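Undergrad: Protein sequence lines correspond, in order, to chains A and B. Residue numbering for the first sequence follows the working numbering, starting at 1 and increasing by one per position. Residue numbering for the second sequence follows the working numbering, starting at 1 and increasing by one per position.
Keep in mind the hints are simulated off the structure, nothing from the lab. Here the structure is a predicted model, which means the values were calculated and not measured. The beta carbon of each residue, even a glycine, is placed where N, CA and C say it ideally should be. Check before you lean on any hint, since a few could be wrong.
Here are the simulated lysine to aspartate or glutamate pairs, DMTMM-like style, with alpha carbons at most 25 Å apart [claimed, not checked]:
(1) Lys603/A x Glu535/A
(2) Lys602/A x Asp118/B
(3) Lys120/B x Asp744/A
(4) Lys174/A x Glu88/A
(5) Lys120/B x Glu686/A
(6) Lys634/A x Asp118/B
(7) Lys602/A x Glu123/B
(8) Lys120/B x Asp90/A
(9) Lys584/A x Asp119/A
(10) Lys695/A x Glu89/B
(11) Lys603/A x Glu62/B
(12) Lys185/A x Asp90/A
(13) Lys634/A x Asp122/B
(14) Lys120/B x Asp627/A
(15) Lys602/A x Asp683/A
(16) Lys695/A x Asp122/B
(17) Lys477/A x Asp354/A
(18) Lys584/A x Asp627/A
(19) Lys285/A x Glu123/B
(20) Lys147/B x Glu697/A
(21) Lys695/A x Glu123/B
These stretches of chain A come out as covered by chain B in the derived footprint (C-beta under 8 Å, 3 or more residues) [unchecked claim]:
(22) 64-72
(23) 246-259
(24) 371-377
(25) 596-606
(26) 727-733
Simulated DEER-style distance windows between Cβ atoms [said to hold, decoys possible]:
(27) Ala60/B x Asp385/A: 40 to 46 Å
(28) Gly253/A x Gly66/B: 30 to 36 Å
(29) Lys147/B x Ser383/A: 33 to 39 Å
(30) Tyr691/A x Lys147/B: 45 to 51 Å
(31) Gln732/A x Gly66/B: 50 to 56 Å
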Amino acid sequence: MGKIKTIARRSFLTGSAAIVGGVAFGVYRYKTPYANPLLNGLPEGEAALTAYVKIDASGITLITPRADSGQGAYSVQAILIAEELDVELDQINVDPGMPDKAYYNTALGADGAPFAPTDDSFAANTTRAVMDSMMKFAGMQITGGSTTVPDSYEKLRVAGAVARETLKMAAAEKTDIAVADLRTKSGKVITPDGTEIRYEDLAAIAATLDPVEDVALRDPNTWRILGKQHQRYDTVAKSTGTQAYSIDFKRDGMVHAMVRTNPRRGGEMISFDDTEAKAMRGVQKVLPITGGVAVVADNTWRAIQAANAVEIEWGAAPYPAEMDAHWQALSDSFNDDQQDSRQRDDGNVVAALDGADVIEAEYRAPYLAHAPLEPISAVVEVSEDRVDVWTGTQIPRFVQTNVSKVTGVDFDDVHVHVLMMGGSFGHRLEDRIVKEATEVAMQMPGIPVKLTYSREEDMAHDDTRQIAMGRGRGSVKNGQVETMDLGIAMPSVVASQMGRQGLSLPGPDTQIVAGAWEQPLSIPNYRITGYRAPELAPISSWRSVGASTNGFFHDVFLDELIHAAGADQMEERLRLCWHEPSRKVLEKVAEMSNWGAPLAPKKGRGVGFCMSFGVAVAEVVEVTNTDDGIKLDKVWVAAEVGKVVDPNMFENMVQGGVNWALGHAIMSEITYSDGMTEQENFDTFESLRMYQSPKIEVAGLENGDHVRGIGEPMVPPAAAALSNAIFAATGQRIREMPMNKFIDFV
Amino acid sequence: MKITVNGTQYDIDVESDMPLLWVLRDELGITGPKYGCGIAQCGACTVHMNGEAVKSCQVAAEDIVGEVVTIEGLGTPDAMHAVQSAWVEHQVAQCGYCQSGQMMTAAAFVLETPAPTDEKIDEAMSRNLCRCGTYPRIRAAVKTAAKNLSDA
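Only chain A is shown next, with the shape it has when bound in the complex:
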């Protein structure tokens, strides 16, 4: 216990993103905006009115610095800018731009603050503001944590409005008509007599003006674009095979590389024999890189074949070689010395459980690969005075820093071009592949080197989701949940992930208890404790991070307690929930699913609730216990996001996220044997297929004050709702994922 007390709250607040630097030079300089990076080297006649809007004679380009891995980030950002800029979505180009500190992520900082998202107190909001300014100082341009919408929601509308008002001023200068008499529509300024001047034709004048900074955002009732359904920016390209992804990127004179590094992750290479590989067709070079070898060939397939033909002796893994030892390490972590946080401690759990009929349960969640369908790739070209990198990444500024470190080339001379990604789910928050490609490219100056992982190499080095264990003790009284004491043990995801970037985590890791401690429930005796397991195999942020495991533990244990109390699962959750917007998602999902209506024989329903990333989500899963196993019939989802930016994208994301969560909960795991991942490809790392996919009905609610992102929050409650539904249908309680180890599925 001593440890937790000595850590000041201030160090906790840096917990989720570990920023170098301090609070001391906080809010003052925060007021000064970063310089607009688009002004650097801008050709004459082009105007970059804000860091997000670029206009020249050929068109209007919206800069969308949050990366698109399929979640529609480019489209969402374009909608926000277009709403105030007065352009139509088919009039504009989008471009992720070049990485710049001006594109730092505000919301990621705010979410790292150690306050529940339901906490709107002065202290909570002040701390969030400080976190925000720290993110700004570090220039943290990161796509993650479901933050694109909350981060952009105001910022990009302001950017659009600034550009619009500046264009009107340019038109006033051109026409001698007062700004107040001008209006804008569909990419044009319109004068009182109806004359239309294209924004493109005002760019040259606008470029000479100081941008108008005093702008008011429009009344939401007048919105034309925001909140409406649109065709996504990339829909046609992705429906015709014409969308270019990272893996499709090509440069003249490019060579193809494939690497092999120790499948005992982080272990060393003892020796290798490349005799056979070197003799294979198309192979140009076999080169050493840190911890392994690279084969360079004239074709991706030849590079993969030859790399697999290199005989390599690998060293031992720097973590336990067998899975049992990983679980044992977690099991051994439930002690005072390893206590990491106790952010919730209501009532008196110890006294309440003393002498009570204690309900106890233990839960487990496995390592999981991100495995986006596009294997990762990177193209690096090292020239005399600059390095260019083309890759799909969520962390372009880290990439820039790391390539600068590896090559010794100045940070400003490293140019990172962010490409479209075929999925990520957090995978591309890591940048090992870029460092490897850079090491190869340094040995072949002037030649663009494309490194593509085989699926097997990708899965062997996918920094997985954490494993986690939960232990619950609780009691019920008079038909109500009286006490819930949940301990959660896992290694620190943030420490593992930031450690690979050379950053440290000074305080507790909020992710160890995320999706559990901040639940808006008023259980009389209610305690959530995080225990920090030692670092084991490398782990990283996997869609919904800590909440992906904790939402399952917390809500299944709650289900067990409610069952023991003999109460209705929905009614008791509603009775315990004090937060009005969260109550509304429960009420909504009850209404959608007609909760409480009689079910056909062999059917069962479970409800799951979790607030994560500030989004309250309730889901009802209905299953049938068939002769062939459990069949998923239908899922109803209600989520509170403050504002649905595009209902079409929203529905697709939520349905996909539910399938993601259910598929992994049912059938997926990464396990270690002899220090190596036992699953190499999709035959052993199984994934949900269409015949297993349920019907999914979605509702987005807008009752809350905060606008939030929906990339992750639908994940944590889904596995819980499924386990609870299986219990309702069969009487069998499943406390561990993947669930198909315990019950058959169709």
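Given the structure of chain A, go ahead and fit chain B onto it with the hints provided.
TA: Then chain B, alone, in the frame of chain A:
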């Protein structure tokens, strides 16, 4: 050896065991077919060979027979195939990486099965993986495509 892809004949000089997928992607620069697993699990590489949907990662160069059609040959942004139009109408794609393969499987399927039931669709389309989980929309788009084709 000579192969025909999307109506164009190519002369290729590759190993007999180089998979069609890599012939298309790296030798011919046709990148619509995607590499996802290399072991016939994900279907992102699906193309038509002699009118049949095949996983191009499993077709060795020496086994290429008849005409190969990729997603680029199915239709273009200006002249879309009914399956592609249905994919646009339902806005199926998230990351979109699997969708070329999904559409090639669907295009072969709707020709054989003009009025498919959900069960038939699920059976046919379960050969392809979508990690983003867009299955509800794929299901709806296949139905729309089948209907539009049979109405035409």
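Undergrad: All the hints need checking, so say for each whether the structure fits it.
TA: For each hint, the structure was consulted:
| no. | hint | in the structure |
| --- | --- | --- |
| 1 | Lys603/A x Glu535/A | violated, 42 Å |
| 2 | Lys602/A x Asp118/B | holds, 22 Å |
| 3 | Lys120/B x Asp744/A | holds, 23 Å |
| 4 | Lys174/A x Glu88/A | holds, 24 Å |
| 5 | Lys120/B x Glu686/A | holds, 22 Å |
| 6 | Lys634/A x Asp118/B | holds, 14 Å |
| 7 | Lys602/A x Glu123/B | holds, 24 Å |
| 8 | Lys120/B x Asp90/A | violated, 37 Å |
| 9 | Lys584/A x Asp119/A | holds, 18 Å |
| 10 | Lys695/A x Glu89/B | holds, 19 Å |
| 11 | Lys603/A x Glu62/B | violated, 52 Å |
| 12 | Lys185/A x Asp90/A | holds, 14 Å |
| 13 | Lys634/A x Asp122/B | holds, 15 Å |
| 14 | Lys120/B x Asp627/A | holds, 21 Å |
| 15 | Lys602/A x Asp683/A | violated, 31 Å |
| 16 | Lys695/A x Asp122/B | holds, 12 Å |
| 17 | Lys477/A x Asp354/A | holds, 14 Å |
| 18 | Lys584/A x Asp627/A | violated, 37 Å |
| 19 | Lys285/A x Glu123/B | violated, 45 Å |
| 20 | Lys147/B x Glu697/A | holds, 24 Å |
| 21 | Lys695/A x Glu123/B | holds, 16 Å |
| 22 | 64-72 | holds (count 4) |
| 23 | 246-259 | holds (count 4) |
| 24 | 371-377 | holds (count 5) |
| 25 | 596-606 | violated (count 0) |
| 26 | 727-733 | violated (count 0) |
| 27 | Ala60/B x Asp385/A: 40 to 46 Å | holds, 45 Å |
| 28 | Gly253/A x Gly66/B: 30 to 36 Å | holds, 35 Å |
| 29 | Lys147/B x Ser383/A: 33 to 39 Å | violated, 54 Å |
| 30 | Tyr691/A x Lys147/B: 45 to 51 Å | violated, 21 Å |
| 31 | Gln732/A x Gly66/B: 50 to 56 Å | holds, 52 Å |
Violated hints, listed in ascending order, are 1, 8, 11, 15, 18, 19, 25, 26, 29, 30; each of the other numbered hints is respected by the structure.
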